[in-house]
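Visitor: In order, the protein sequences belong to chains A and B.
With full-length UniProt numbering, letter number 459 in the first sequence gets 459, and the count goes up by one each step, no holes.
With full-length UniProt numbering, letter number 452 in the second sequence gets 452, and the count goes up by one each step, no holes.
A few of these clues could be false.
Since the list gives no way to pick out one identical chain from another, each pair is judged satisfied if it fits inside one copy or across any two copies.
Stated by the list, open to error - The calculated lysine-lysine pairs, modelled on BS3-like cross-linking and capped at a C-alpha distance of 25 Å, are:
id : residue 1 : residue 2
1  : Lys542    : Lys184
2  : Lys114    : Lys124
3  : Lys93     : Lys65
4  : Lys532    : Lys542
5  : Lys25     : Lys184
6  : Lys145    : Lys120
7  : Lys184    : Lys466
8  : Lys398    : Lys466
9  : Lys462    : Lys532
10 : Lys125    : Lys113
11 : Lys347    : Lys429
12 : Lys532    : Lys231
13 : Lys532    : Lys466
14 : Lys292    : Lys351
15 : Lys462    : Lys113
16 : Lys113    : Lys65
17 : Lys398    : Lys532
18 : Lys269    : Lys429
19 : Lys462    : Lys114
20 : Lys231    : Lys184
Keep in mind the hints are simulated off the structure, nothing from the lab.
2 protein chains.
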Amino acid sequence: MVSGPSSLSLRTHTCGELNVDHVGKWVTLCGWVQYLRQDLFVILRDFSGLTQILVPQEESASKVKADLCDLTVESVIMVTGTVRKRPAGQENKMPTGEIEVLAENVEVFNVSKKLPFEIKEFVKKSESLRMQYRYLDLRSSRMQKNLRLRSQLVMKMREFLCNEHGFVDVETPTLFKRTPGGAKEFVVPSREPGLFYSLPQSPQQFKQLLMVAGVDRYFQIARCYRDEGSKPDRQPEFTQVDIEMSFVDQEGIRTLVESMLQHSWPAEKGSIQVPFQTMTYEEAMRDYGVDKPDTRFNMKLTDISDIFSSTQVEFLRSALDQPEGSIQAILVPCGALFTGRELESIKQTAKTQFGQRPLLGSLRLQCAELLESHGRPVRDPLAFHFLWVVDFPLFLPKEDEPQELESAHHPFTAPLPEDTALLFTEPHKVRGQHYDLVLNGCEIGGGSIRIHRASEQLYVLKNILKEDPSQLTHLLEALDFGAPPHGGIALGLDRLVSIIVGAASIRDVIAFPKSFRGHDLMSRAPDTVSDKDLTPYHIYVKWPTKQGGEEK
Amino acid sequence: MVSGPSSLSLRTHTCGELNVDHVGKWVTLCGWVQYLRQDLFVILRDFSGLTQILVPQEESASKVKADLCDLTVESVIMVTGTVRKRPAGQENKMPTGEIEVLAENVEVFNVSKKLPFEIKEFVKKSESLRMQYRYLDLRSSRMQKNLRLRSQLVMKMREFLCNEHGFVDVETPTLFKRTPGGAKEFVVPSREPGLFYSLPQSPQQFKQLLMVAGVDRYFQIARCYRDEGSKPDRQPEFTQVDIEMSFVDQEGIRTLVESMLQHSWPAEKGSIQVPFQTMTYEEAMRDYGVDKPDTRFNMKLTDISDIFSSTQVEFLRSALDQPEGSIQAILVPCGALFTGRELESIKQTAKTQFGQRPLLGSLRLQCAELLESHGRPVRDPLAFHFLWVVDFPLFLPKEDEPQELESAHHPFTAPLPEDTALLFTEPHKVRGQHYDLVLNGCEIGGGSIRIHRASEQLYVLKNILKEDPSQLTHLLEALDFGAPPHGGIALGLDRLVSIIVGAASIRDVIAFPKSFRGHDLMSRAPDTVSDKDLTPYHIYVKWPTKQGGEEK
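Required output: the full structure, derived from the provided sequences and hints.
Guide: Pasting the structure below:
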């Protein structure tokens with residue numbers, strides 16, 4: 001069987017592959033009419049490129065000529081004819097720019113109506129219009145490239161994991177049960193009254209159970225769900241590269257991920273260097289004021305508290321007098337460019353975010369953006385700076401009850417071996433075996449070595465997090481029946497691809513994304529459902545506009 | 001970076017790979033204690049096999065000995081030691097049967113509690129117990145093999161589609177809108193009162209829109225959802241190999257699928273012959289009495305109406321007098337073996353299923369089962385008989401309103417070109433460009449060439465199916481903006497894998513399946529959700545035990 005993109009097809013070649021080597025060949029092309037020129041040429045497009053079709057002008061070919069010249073833009077046709085060298089002076093630099101195809105037969109598959117917008121990249125259109133006619137938006141070469149790059153990246157990751165390192169691709173359920181405190185989980189009513197499935201935010205429990213099951217090495221390109229209401233550049237469903245290994249340590253997982261990214265990195269984006277830079281959480285906060293620093297540029301924080309140790313300037317004094325209070329400086333090269341209004345905006349940020357953790361990190365980024373707006377390059381848009389952030393605190397004070405602790409990431413993360421004893425004495429000081437992967441200042445992944453002993457997991461849940469362990473009985477039991485040491489990671493695929501292709505939004509690397517309100521503007525989902533269709537699920541709608549939550 | 005299943009691991013080798021070539025090597029193995037023998041041996045297991053660990057008996061190794069001999073079955077350990085040839089006479093035929101490892105260091109990762117059942121294959125356990133402790137059930141070599149075979153099969157399909165034929169792996173949304181008449185779709189309440197997403201039964205609309213988008217060749221290993229309540233051997237979520245191509249005909253899709261299955265077929269299951277046998281729907285019904293015949297055995301139907309053309313036997317006469325009535329025979333070799341009770345059971349089937357379409361097909365299968373129960377082999381359990389069934393009717397009379405028509409498969413299937421004119425005159429006679437793939441009498445896939453012209457699609461929806469086309473506006477519009485001719489197929493992956501491995505149920509090829517009532521017996525999903533957690537979704541539960549649908 002012939003392989004390649006024209007196997008088993010009505011066409012013999014794609015519109016992007018013909019060149020002088022094909023001159024004289026009898027070919028069949030299928031594609032969309034990009035544009036027509038003066039009844040002389042039809043430019044035919046498919047996913048691979050463009051080919052110039054020459055309209056025959058002889059009387060004997062009047063039918064072919066008429067068919068071609070009647071076409072509207074974006075109509076779909078099949079053309080058969082002979083490849084010719086273009087007359088001297090008519091060549092161009094495009095891959096097919098030296099040839100043309102003299103049409104001898106045409107079949108018109110579909111005549112297109114006038115489009116709501118032009119496909120061309122440079123024609124600006126609103127995002128809502130793009131989303132409403134997503135199938136037209138996807139015809140642009142940029143979106144074609146994005147989808148294909150994503151497909152190939154994932155394919156190479158799979159080859160690396162499956163074929164080279166013995167990973168097993170296991171599908172885990174998405175109809176699961178609500179996790180305790182899972183406020184961001186969509187619910188799915190079942191046919192049993194009052195019983196609901198839940199769409200999980202990640203396959204975390206299943207991947208750990210697969211390690212207990214002896215699967216040894218698991219991965220899945222996993223669909224995950226998170227209901228955060230309306231948030232910019234978040235999607236209610238998203239995809240993660242989900243990995244778990246038994247008999248491994250932090251170093252092993254990190255090396256695996258580095259090698260996987262190196263292996264699957266698109267050639268046209270250059271190569272990436274491994275190992276990636278590593279930084280502790282403490283260093284990241286100290287030098288960059290944030291736990292996901294953009295290391296493409298410097299402008300680190302400098303502690304200048306010493307200089308002001310005896311200051312009497314009131315706001316400095318009061319800062320220093322606070323517990324762990326300090327005075328930090330950011331040296332902004334060419335900061336003298338900043339206008340008064342810009343300096344005011346920096347002050348505003350400082351005021352409104354004062355006391356919030358990543359304030360200094362935000363100020364640093366804001367300064368970089370301002371410099372760039374003055375035409376001073378700070379962050380190289382073609383550079384890819386990967387960074388591991390490690391040694392996170394295992395627990396953080398709860399926002400609303402700071403005397404209580406909650407997991408910094410999730411309750412299954414193991415403590416650093418040297419900090420394990422602190423679990424029982426000063427749990428807030430325990431660092432976890434957690435690692436975040438940061439790319440150009442965006443968190444693109446996170447993982448950990450997990451707790452593999454039931455007694456330790458129970459202690460964390462019950463005594464430190466004060467959670468009811470009965471909801472996790474199955475996991476606690478599993479740890480008691482021979483759980484191996486294990487760990488893993490999850491990479492956010494949408495975000496990773498969007499950074500690689502330089503897209504402004506993850507919506508540009510997803511075929512059919514939802515709007516920021518969670519709507520599919522093309523099909524108009526979500527939609528109403530009749531009471532009759534809700535009956536089997538024993539639910540009804542509580543209309544907020546009516547009084548007292550009455551039935552509709 | 002070293003590759004293979006022991007890369008980046010605490011172990012140096014797996015438990016299944018050591019042989020005489022390794023004698024003298026210092027190795028580290030990790031795994032589960034399969035069993036202990038007389039304080040002399042520990043049999044260590046991982047996913048790849050078993051290795052015999054020799055317990056050192058010298059005084060100086062008393063700590064190692066004590067650690068090993070205190071172990072319970074299914075405890076998890078790491079053993080370091082030297083590979084030795086087994087003493088003469090102690091070898092066995094297992095892959096590692098000529099060697100053993102003399103333990104010099106042991107690390108105990110986890111001591112297992114007494115299991116609720118033994119892992120060994122031959123120990124019978126109830127399916128509900130297996131499901132409750134699924135992570136233990138998955139440790140069996142049978143389940144390990146099933147999951148790994150599935151992963152490898154899918155990987156080879158991906159390589160075939162992506163690397164050899166230019167397919168693009170595109171993820172489509174699972175939070176979609178309810179399709180008209182989609183009674184089997186789960187609903188997912190959104191945060192907007194009265195608006196619901198729906199979990200789609202297949203990516204049908206999206207894959208067609210991707211063709212309109214010029215993606216050219218799409219595939220996805222797609223998670224699909226179907227709420228059928230309780231049905232044996234069905235799962236509320238399942239997986240299909242979803243494929244769509246532009247500029248292709250029936251022949252092209254069928255050849256692609258044949259080559260893909262041939263390419264990805266597990267070597268240990270023999271090879272499969274292509275092209276597959278093809279049969280029209282009419283032939284299948286005539287010869288086998290069913291549209292998915294098991295062609296591993298003969299016993300075809302024979303029309304013997306002629307012999308009885310002038311019969312006066314009443315039940316034969318009345319059969320012949322019906323429109324399209326006939327008398328059919330099944331020649332059962334060795335049918336004389338059937339007991340009176342068995343013949344009675346055949347009669348019962350005939351009575352209870354009389355007038356239903358696949359009655360004769362059921363009788364044929366029943367006869368085959370009865371013969372096999374008498375020890376007469378009929379269906380070769382190691383044979384794989386693929387069959388294409390084609391030329392299905394495009395429409396069928398509705399069950400409850402036989403004067404109305406409904407789609408035999410779905411409303412997007414194109415008619416056979418030679419039948420297109422009949423759409424406007426005698427639509428019930430139109431055959432569709434639909435093809436079913438049958439393996440050993442199970443339907444494992446189906447697909448079609450789709451309608452690619454808006455006017456034809458609108459006519460089918462409105463004039464033939466009498467459906468409201470407004471719910472499909474986006475698709476009808478898309479067809480009007482330059483839709484290419486296209487077609488595709490979906491294969492049921494769970495069913496396909498279960499037939500390949502000879503599993504009795506698809507639950508044996510799914511890591512964490514639901515029970516036939518749709519429950520996850522391990523985590524106890526679905527579960528209750530508090531009223532507070534339902535509030536953001538503007539729904540409440542209608543408890544059926546209370547009167548008048550009051551709120552709880």
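Visitor: 25 Å Cα cut-off: does Lys231 pair with Lys184 within a copy, between copies, both or neither?
Guide: Classified as within: same-chain Cα gap 13 Å, cross-chain 31 Å, threshold 25 Å.
Visitor: If the cut is 25 Å between Cα atoms, do Lys93 and Lys65 qualify within a copy, between copies, both or neither?
Guide: This pair counts as neither: shortest intra-copy Cα distance 27 Å, inter-copy 76 Å.
Visitor: At most 25 Å between CA atoms: does that hold for Lys398 and Lys466 within a copy, between copies, both, or neither?
Guide: within (12 Å within a copy, 58 Å between copies)
Visitor: Taking 25 Å as the upper bound on the Cα-Cα distance, should Lys532 and Lys466 be classified as within, between, both, or neither?
Guide: between (43 Å within a copy, 21 Å between copies)
Visitor: Regarding Lys542 and Lys184, is the shortest C-alpha distance of 25 Å or less found within a copy, between copies, in both, or in neither?
Guide: both (20 Å within a copy, 23 Å between copies)
Visitor: One pair to classify: Lys114 and Lys124, alpha carbons no more than 25 Å apart. Within, between, both, or neither?
Guide: within (17 Å within a copy, 67 Å between copies)
Visitor: When Cα atoms must be at most 25 Å apart, do Lys145 and Lys120 count as within-copy, between-copy, both, or neither?
Guide: within (14 Å within a copy, 51 Å between copies)
Visitor: Are the CA atoms of Lys125 and Lys113 at most 25 Å apart within a copy, between copies, both, or neither?
Guide: Result: close within a single copy only, 18 Å intra versus 63 Å inter.
Visitor: How would you classify Lys113 and Lys65 at a CA-CA limit of 25 Å: within, between, both, or neither?
Guide: For Lys113 and Lys65, only the intra-copy Cα distance (20 Å) is at most 25 Å; the inter-copy one is 82 Å.
Visitor: First find the shortest C-alpha distance between Lys532 and Lys542 inside one copy, then the shortest across copies, and answer within, between, both or neither for a cut-off of 25 Å.
Guide: Intra 15 Å, inter 13 Å, cutoff 25 Å: intra and inter.
Visitor: If the cut is 25 Å between Cα atoms, do Lys462 and Lys114 qualify within a copy, between copies, both or neither?
Guide: So Lys462 and Lys114 pass the 25 Å test across copies only (24 Å; inside, 64 Å).
Visitor: At 25 Å max between alpha carbons, let me know whether Lys347 reaches Lys429 within a copy, between copies, both or neither.
Guide: Neither: 33 Å inside a chain and 77 Å across chains, both beyond 25 Å.
The structure is inconsistent with the numbered hints 3, 5, 11, 18, although it conforms to all the rest.
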